[in-house]
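Participant: Residue numbers (this note's numbering), protein chains in the order written: chain X, -19 to 166; chain E, 65 to 716.
Bear in mind the hints are in silico, worked out from the structure with no lab data behind them. Errors might be hidden in some of the hints.
[Unchecked claim] Partial selection, computed: residues in chain X whose CB lies under 7 angstroms from chain E:
| id | residue |
| --- | --- |
| 1 | L(-2) |
| 2 | V6 |
| 3 | F72 |
| 4 | P165 |
All residues carry an ideal CB built from backbone N, CA and C; glycine is no exception.
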Amino acid sequence: MTDDLPASGGDEPRRNFLTKLMALAVGSVVGLVPLAAGIGMILDPLFKQRRSLLGTDAEGFLKVTSATSLAPDQSPRMFKVIADLQDAWNKFPQTEIGSVYLRQNESGEVQCLTARCPHLGCTVDYKADQQIFSCPCHNSSFKIDGTPNNDIPPRGMDTLPALNRDGEVWVKFEKFRAGVHEKQPV
Amino acid sequence: MLDSFRNWLDDRTGYRDLLEEALNEPIPGGSRWRYVWGSTLVFTFAVQVMTGLVLWAAYAPSTRTAWESVYFIQHEMTLGWLVRGIHHFSAQAMIVLLAIHLVQVVIDGAYKAPREVNFWLGLVLMQIVMGLGLTGYLLPWDQKGYYATQVATEIAGSVPIVGTSLQRVAQGGSEYGHHTLTRFFALHAGLLPMLLVAFLGLHIYVFRRHAIHVKDPKGRPEEKFWPDQVLKDGVACLAVLVAVMGLTIWKGAELTAPANPAESYSAARPEWYYLFLFRFLKFEWVSRAGESTGLGEALGAVVIPGLLMGVLVLMPLIARVRRGHSFNCLYLWVMLLGAGALTGLAIYEDWSKEDAAGRDFRAAYHKAHVDGERAVELAQSPSGIPPEGAITLLRNDPLTQGPFLFERSCIECHQPAARAGEWIRSRKAADGSKKTIVISPKAPELADPRHPREIRFGSRDWIRSVLTNFRGHFEALGNITIENGASKERSEAAAAILDGMMADWSESNGSVLTADANRADFDALVEFLYAQGKRGDALPFDDPQVHRGRTIFDSGQLTKGTVDACTGCHTMHAGGDAEPLSEDLYPILTGYGGNEWLTAFIAHPEAHYGGNGEGNNAMPGFADQLSSHQLDLLVRWLTGDYYRRETGNTDQ
């Protein structure tokens, strides 16, 4: 860039070159130091992993509901997931962090599907009359077991590990990347 | 390839002309160090924009999130302390550089025709920068910024006619609240920077139009802005940056306790560059003049500074008359010296002057500092900052509130020995003259709120002293006399304690306890009593030493000799035991020195001694003076039942 500049002085080109070099160096230092500090702070989320969900058990499970509140006819019901949430500086005790669909299959096992659409993250509705899950955003549609009904979603609804512990339903609540074929935790 | 691209770009944009214009400005007489000040100001402003945008991305302006988000920036986020520190100290550097720039322009005569307009643009920029400083000071919503800024908005409110409306508009209502912050933030990060950019653009444009003002161009060859002056400017900016970084690392940007309208802050001061105005308003004659002119505080805070600024505005016109320039220079120096002297005076009075006001300021400053550190400690504790905001952390903190309550309700009787003589009362004597009476302590020293982490009450030393030196320990009760204003009932109760059975016990058994052969037994007895309070550093109930102490308490049997068993007089249901050792005896020692015991004792001391008025009531009950929440905070402070950081140097 510097050679675009019309030559100045000209009597002492060597001294002039040195001055230019030093001016550039000093200019870079004073500009880059505050910039680097700022960029470092903006990139904080890449440097610091902050545990946001609190109150899970050692394996990451949360108590969601009691087994008796599941539908007796194997149809899914939506339940809110409640946990202690650490959000930046605040600690929110017992706050809603998401929702899941729970159903009991033929053999009595609890199946859990996250309500987040794998397409682009909207919350999926359950249409009891048609026995399908349907996303209000882009019409993703899923069967009762979460497998896709049309080609809009890239994969089926994400299953979450669920356990029946002495009549209590515990779920390992996780979020997965939307818009990709593989199920990858966020 | 590159050349053809450059030619194409130049053809479409004309960037070469722009660069030529920007960089090759001729400087008659060559580059000089005295021209760097304007550039350093542009530099610091650029730094403020950069760091300000980043801070903006982490700041949440509301009364429940402002302090909290700034705390998070300062203590949790990557390099947050650095970015905030640079922003904080660059703001102050800007003020210093502004002053230097102004002096430079005036003494060099650079404000004179044809550069009058640019001088005025510069004065506008100065006001904008001062405004940025004022609005920014409030944003952390800490005690310091909150109370300092209130003075500014109160001044706005004191302006005749429009004052109240002005204050309401600035505050977003009649009181400080969410909208005060959103408005100040909009000013600080929106309107004022926008104005600053606009006026800076004009300032630089007009500056280039008239070229640099050279006082004495003769004798030195002309140079271009690039690279000679750029290098000097760069070095000056580097010096500024080094100073700012140095202050950031050495001192750091402060964050005092979260703003609390109920908690006075006697150390409220504006940022240092407003101290001259602050000190000016402290002169009584300024207030009197304000009163008599009907302008109120606005006279000293707005009208007089406005008039002084007005002279500054008129400088280019004044310079036209003979000796006008000399007057201008003199005026500016007098102004700066005056402001400097007032600033110095304010600093001296606060930090060095040995009078009541100075000491109060320093004490309040120290407390704000301690509270700020405590708020951070609590914010970092496992319970974290609740949704109601960090203000609740200190409000519910025994270590913060306990000393305050103690100082208010307890200390006049339970005086710390180190502060004896501090409590006085003036009384009118018979001849009408005023007499000062030193109030004597009426109960044993429990703690000194000035050293809130050292509690005497219920400590092992306290227990030893009660057991072996009862009369000495409770000596101050002797001051509860009718002559000192105590009721007959209370003075009799106090006398009964000092002449009572425990005093006799201590006198006759103390030497047995302190005998060398019984040292371990005495320690065990103390440890047993100490364990009953369940304090953090007490031994568990099943510890062999506590067990040994329990046996001595019950039997009075020591290695060498015996003492009268404690269970003969005191109720004790020892911790960990299913059955009580003794019942229906007073005073009760079950849970001695712990939360429950002390709560009951402070609320109804006489009940601890066996009934209404029947037992000992040398101490009045506090059930109706303290709310249960206050009582809880006071008690938990005295028993040490509050959060402390596990690995900190402030605690142990």
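Participant: If a hint holds in the structure, say so; if it does not, say that too.
Facilitator: Okay, the hints, checked on the actual structure:
At its closest, the beta carbon of L(-2)/X sits 9 angstroms from a beta carbon of chain E; the interface hint therefore is violated under the 7 angstroms criterion. Below 7 angstroms, beta-carbon pairs count as interface contacts, and V6/X has one with chain E at about 4 angstroms; its hint therefore holds. Interface restraint check: F72/X against chain E, minimum CB-CB distance 6 angstroms, threshold 7 angstroms, status holds. Look at P165/X: its Cβ only gets to about 23 angstroms from chain E, farther than 7 angstroms, so that hint breaks.
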